[in-house]
Structure formats: structure tokens, C-alpha cells
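Asker: Those sequence lines, one after another, are chains F and L.
Using the working numbering, you'd call the opening residue of the first sequence number 5 and step up by one each time.
Using the working numbering, you'd call the opening residue of the second sequence number 5 and step up by one each time.
No lab work stands behind these hints: they were computed from the structure.
Please read all numbers here as calculations on a predicted model, not as lab measurements.
Positions of the beta carbon are idealized from the N, C-alpha and C atoms, including for glycine.
Be aware that a few hints might be false.
To be verified - Stretches of chain F that chain L covers, calculated by requiring three or more beta carbons in the stretch to come under 8 Å of a beta carbon on chain L:
1) 152-166
2) 170-176
3) 179-190
4) 198-207
There are 2 protein chains.
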Amino acid sequence: MSMSDLTTRNDGPAGAGPLGAGGPRSERTRRAILHAARETFAAKGYEQTTIRAVAARAGIDASMVMRYFGSKAGLFTAAATVNLAALDLAAIPPRERGERFVRHFVSNWEDDLSQDSAAFLMRTAVTDQTVAAQLQETFNQQILGPVSALGEQDAASRSALIGSQLLGLALCRYILRLEPLASLPIEEVVPPVARTVQHYLTQPLPSDEQM
Amino acid sequence: MSMSDLTTRNDGPAGAGPLGAGGPRSERTRRAILHAARETFAAKGYEQTTIRAVAARAGIDASMVMRYFGSKAGLFTAAATVNLAALDLAAIPPRERGERFVRHFVSNWEDDLSQDSAAFLMRTAVTDQTVAAQLQETFNQQILGPVSALGEQDAASRSALIGSQLLGLALCRYILRLEPLASLPIEEVVPPVARTVQHYLTQPLPSDEQM
Numbered sequence: 005m006s007m008s009d010l011t012t013r014n015d016g017p018a019g020a021g022p023l024g025a026g027g028p029r030s031e032r033t034r035r036a037i038l039h040a041a042r043e044t045f046a047a048k049g050y051e052q053t054t055i056r057a058v059a060a061r062a063g064i065d066a067s068m069v070m071r072y073f074g075s076k077a078g079l080f081t082a083a084a085t086v087n088l089a090a091l092d093l094a095a096i097p098p099r100e101r102g103e104r105f106v107r108h109f110v111s112n113w114e115d116d117l118s119q120d121s122a123a124f125l126m127r128t129a130v131t132d133q134t135v136a137a138q139l140q141e142t143f144n145q146q147i148l149g150p151v152s153a154l155g156e157q158d159a160a161s162r163s164a165l166i167g168s169q170l171l172g173l174a175l176c177r178y179i180l181r182l183e184p185l186a187s188l189p190i191e192e193v194v195p196p197v198a199r200t201v202q203h204y205l206t207q208p209l210p211s212d213e214q215m
Numbered sequence: 005m006s007m008s009d010l011t012t013r014n015d016g017p018a019g020a021g022p023l024g025a026g027g028p029r030s031e032r033t034r035r036a037i038l039h040a041a042r043e044t045f046a047a048k049g050y051e052q053t054t055i056r057a058v059a060a061r062a063g064i065d066a067s068m069v070m071r072y073f074g075s076k077a078g079l080f081t082a083a084a085t086v087n088l089a090a091l092d093l094a095a096i097p098p099r100e101r102g103e104r105f106v107r108h109f110v111s112n113w114e115d116d117l118s119q120d121s122a123a124f125l126m127r128t129a130v131t132d133q134t135v136a137a138q139l140q141e142t143f144n145q146q147i148l149g150p151v152s153a154l155g156e157q158d159a160a161s162r163s164a165l166i167g168s169q170l171l172g173l174a175l176c177r178y179i180l181r182l183e184p185l186a187s188l189p190i191e192e193v194v195p196p197v198a199r200t201v202q203h204y205l206t207q208p209l210p211s212d213e214q215m
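The task is simple: from the sequences and hints, build the whole structure.
Answerer: Here it is in C-alpha cells:
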């Protein structure tokens, strides 16, 4: 998917779970539940989604959903997250960081364009505090963390600008599917966006300059 | 608000309306209906919103809503739009275009941060085709049109990149309210984003270059 690739997997209690652990069969069940959860959260929003409704859509008993995810909050966290490790920007030559950072996200987004899971996080995030907090945490982990680790001045402002460009790209290309962006070859999109991110990483910001 | 300032007012039949025209009293009624409509569309989405529900929230009769806006589609268009003329980029000195373009949108967004009307367009847009089409039309009118009028090569790709940055800014700052972007002084946000838009307007794109 897309937006949910911005989030990180929780392999703790909200992950496969202490009871749900096991072979490929439990993994299949887990995936079926997550798929049903994304559809249900996207259609109804966070507040109006029930464990019962997700279970019905997945064709299993509600107790199974609880066994795998523990609670509605745990189910939401798992549905909103995939396994995407934060990029270690400091290990990348400075001049390549913008491009590598952009490709880190875009390659995940392009791999899995399932629009319902993309829309699900966005739709719930714009109306629900719990979900907005989840996106904030993802931003902190995926963008603010790596940028801050570089030890540059204004890491917070630089991260904010980078986040606005990357989330805007995901929103327009994968979720709203605005044209012409949705149809442009990705190799025409990555270089100019990478240049922008490189600028946000390295250029003086207004707070450094004489305004 | 924010996202809805990206759209343009329809002063035709879906505007004040041939029957609803009149003095300040009918304008007050019109505003009350639009306010109720934004809240209702945001809470229920486009499909599940009814004229009756909007009327009830506004405390008036459903026939009044029909009299002012003609149909649910007309009501939606009016609720999603404000009076924002497209910027005439060609009339602006080339080196100032990025900054003027960014300020054109940001000054509207900063003026009216009502989050429910911001969230309303975004939430419905990510799940509803009608609304996505409305946003596409707004993009065409506010970004693609002015950029194409400059007569530069690759106007469509340039507009797409500009749109991704501007919509990402609106999304992160006004709708998701991601920190630190939501709290940064706007004078720290505009210059770097303006530089990006200026680059998207003027720099060679990959399609021009040896890849």
C-alpha cells in the first residue's frame, strides 16, 4: 500500500501475538483479519469500527480477532503498519541522501498500491485523534529520527519540510490519484523530488538567515 | 479553512441561487447551510450525507437547502469551494513566481484554519470519486492552468510536482497538524517551500535530461 508503509510494524503484543504465533496457517488468518480491518476502518472510521464487524468481514469469529490483536487499538496499530525499518541516513554519502531517502519510501509505495489500505489510514487520520497520533509517531520514527541523527542544525524544521513533500507525493499519486502525477513514470518523479529533499536536508533555512 | 481554499467558488446556479438571492439575511442562511453541510459531509462522507441531515443540523427545513443549492451535488460543490481566483503567474517576474505562488495559497489557508471544513474535503476526497474529481478540477484550475499559461516545456509534470508539495503542506500543517510543521512560524515555512516551487517551475526535469 502506501500511507501505511510510512508506519512501522509492531511485533510486540499487537503483532502476531503470544497466542496467535505459529506456522503459515496463523499467518494467513492474521493477514485476512488485517485486510478486513483496513476495509472496515476505511469505510466506517475508527470510532464506528467494531471487532465484531471486522470478524464478520473476515468470515471468522470475533474471539479470533481478539486472540490475534488483543483490542481494537491493537488491531488498528497492526493494520496501519508494515515492516519498514527507518533509513540510516548517516551511513549514506551526504550528496546521495535526498535520493536514497525518497527511494526508500517510493519503492515501498510502488510495490503495493492497494488503494483501500492507502485510503484507510488517510481517511481515519483526518478525523480521528488516535490515528493522527499514529501518523505523528510514524513521522517521528521514519523522518525526524533519521534526520536528527545527522546532527545538523534545524533537524525538526528540515524533517517537517521533508515530511510535507513526501506525504504530499503519497497523497496525490496513490490516494487522490491526481493527474498527471498518478500516471507519470516513477523515474520522472523521483529525481526532482529527491532534489527537493536534498535541499531540505542541506540548504540554509530562514531561521539561519537574515530575514 | 485550508483544502477548500484550493477550490473555486461557483457563483452560478449552485451559488447563492436564483431563488436564494437577496440581502444579508439570505447570505446568513446560506452560510449556516454551508457550515452544516461541511460538518455533515466530514462526519458521514459524501454518499451517506442527505439534504435532510444537513437541514436538520442547520435548524431549517430541507426545502430551504434545495432552494439555495438545488441538489446534493450542488451543495457539495458550494461547500467545497471558496472564492479564490487563479494566480496570473505570467504577470509576475520569473524569479518571484515560486514565492508568490506559495503565498497565494498559504495566505488563504492561514486566514481560516477551521479544521472541520479542512478535514471535510480531504476525508471525502480519499474515498469518493465525485469529490476526487472536484479536487482534480481545482488542481487544473489553480495550478495546471497558471503553469501551462507560462508556455514552458513539461507544464504538466511541473504542475504535478508543485501540487504534491502544496497539498502535502496543507495536509501536514492544517489537517493532520503534524508537529513540528503545524507550529512553525509561517515565515519559516514559506521561503523553503517557495524555493522548491521555484525549482519545479524552472529546473530541467528528468525527461529533458540524459537519464
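Asker: Compare the structure with each hint and give your call.
Answerer: The hints, checked one at a time:
1. 152-166: holds (count 5)
2. 170-176: holds (count 6)
3. 179-190: n = 8 at 8 Å, threshold three: holds.
4. 198-207: holds (count 5)
Taken one by one, the earlier hints all hold for this structure without exception.
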